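K.L.:
Residue-level listing of the chains:
Number of protein chains: 2
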Amino acid sequence: MSQAFYNHLENFIKINEIEFASILPFFKIVKVRKKENLLKEGQICKTNFFVLNGCLRMFFINNKGIEQTTEFAIENWWMTDTISYERETPTAFYIQAVEDSEILVIDKHSQEKLLTEFPKIERYFRFIYQRAYAASQMRIKYLYDFTKEEFYDHLCENHPEFVQRVPQYLIASFLGFTPEYLSEIRNKRRS
Amino acid sequence: MSQAFYNHLENFIKINEIEFASILPFFKIVKVRKKENLLKEGQICKTNFFVLNGCLRMFFINNKGIEQTTEFAIENWWMTDTISYERETPTAFYIQAVEDSEILVIDKHSQEKLLTEFPKIERYFRFIYQRAYAASQMRIKYLYDFTKEEFYDHLCENHPEFVQRVPQYLIASFLGFTPEYLSEIRNKRRS
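Protein chains in written order, with the working numbering: chain A, -5 to 185; chain B, -5 to 185.
Zero decoy hints are in this set.
Simulated pairs of lysine to aspartate or glutamate, EDC-like, Cα-Cα distance not exceeding 16 Å:
| hint | chain 1 | residue 1 | chain 2 | residue 2 |
| --- | --- | --- | --- | --- |
| 1 | A | K135 | B | E61 |
| 2 | B | K135 | A | E65 |
| 3 | A | K25 | A | D94 |
| 4 | B | K25 | B | E69 |
| 5 | B | K114 | A | E111 |
| 6 | A | K114 | B | E106 |
| 7 | B | K114 | B | E4 |
| 8 | B | K135 | A | E35 |
| 9 | B | K40 | B | E82 |
| 10 | B | K135 | A | E61 |
| 11 | A | K28 | A | E93 |
| 12 | B | K58 | A | D139 |
| 13 | B | K114 | A | E106 |
| 14 | A | K182 | A | D147 |
| 15 | A | K58 | B | D139 |
| 16 | A | K28 | A | D94 |
| 17 | A | K58 | B | E144 |
| 18 | A | K135 | B | E35 |
| 19 | B | K29 | B | E96 |
| 20 | A | K114 | A | E4 |
| 21 | B | K34 | B | E65 |
| 22 | B | K58 | A | E144 |
| 23 | A | K142 | B | D139 |
| 24 | B | K142 | A | D139 |
| 25 | B | K28 | B | E93 |
By construction, these hints were calculated from the structure, which means they are not laboratory data.
Predicted model only: the values in this text are computed from it and were never measured.
My request is simple: use the sequences and hints to build the entire structure.
P.N.:
If you want it as structure tokens, here you go:
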């Protein structure tokens, strides 16, 4: 696993193997089973998660008691409730494994220590948050601009591997559909 | 103006006056008049904007030809189309002054040079993007969870100074209302 994380870091910063060996102990590797929760509503989100293998999703329980998925993270993506993590306030979200997954976990104290000892990691996380923010700026545009059907088509066109990989009821939960309605759209597209 | 930016930086990083004097030349100060565009759809967004005084908004023209506001930035906030800025692709957005404003502007090349010469600025921008991303995670939750009326109430409760400051037709554009519908809601709340 460590090779994959090393390669990922190298996409953003120059890092040698000695530095990498010193960085690695700041993280823990956690294995989670499909549908296991890494975070539950009301808890303080004390950790930041990086997907080595598998898939996570973030959701909240909406007014109607339905799970509304807001994010997915596959290999090489970070996931946390950023506001709860930074401010140490109770989260409104759940983070759950979509598949059996292998996750790199870092707590806030260790992350701060890592950033102090290895300032180049600031550059890495600056890129990570910059890209996450860029994606969310577009996401907000789509939420205003697209009908749910258009958003589904956009997803199929831009992330076909993702639509194949994630169970359809979770794609429906991400789009704000019922699974039945998603089935209907898929059948329409096929006919 | 430079004192305000210095104080702002000091909220995030330790910086002395000599360093600050070396950092300042990387930026330009630009004065824009109310309704002047800093960015237009189709352009490549080459600059990152920091509001010293005034207010900016970001919007796109939706399918119905209507301006849909997605973000505002007041004093001490950055604004750019992050994806266009990073990838040098044409933007789907406009950035426009809501009030006569004084803006600190940095282009991508200068920002990269600044980050190389002053690595501590990486830490500053990591915080900036982390907070922007945290806010957008909650924003996406609200877009799924709140009716437009609930979102308006949330805005009034959490950012009353903002609802007072920004013209009502732009608050309507941010919420996805018509200005008439916002008037109706405001009248209902008052009665």
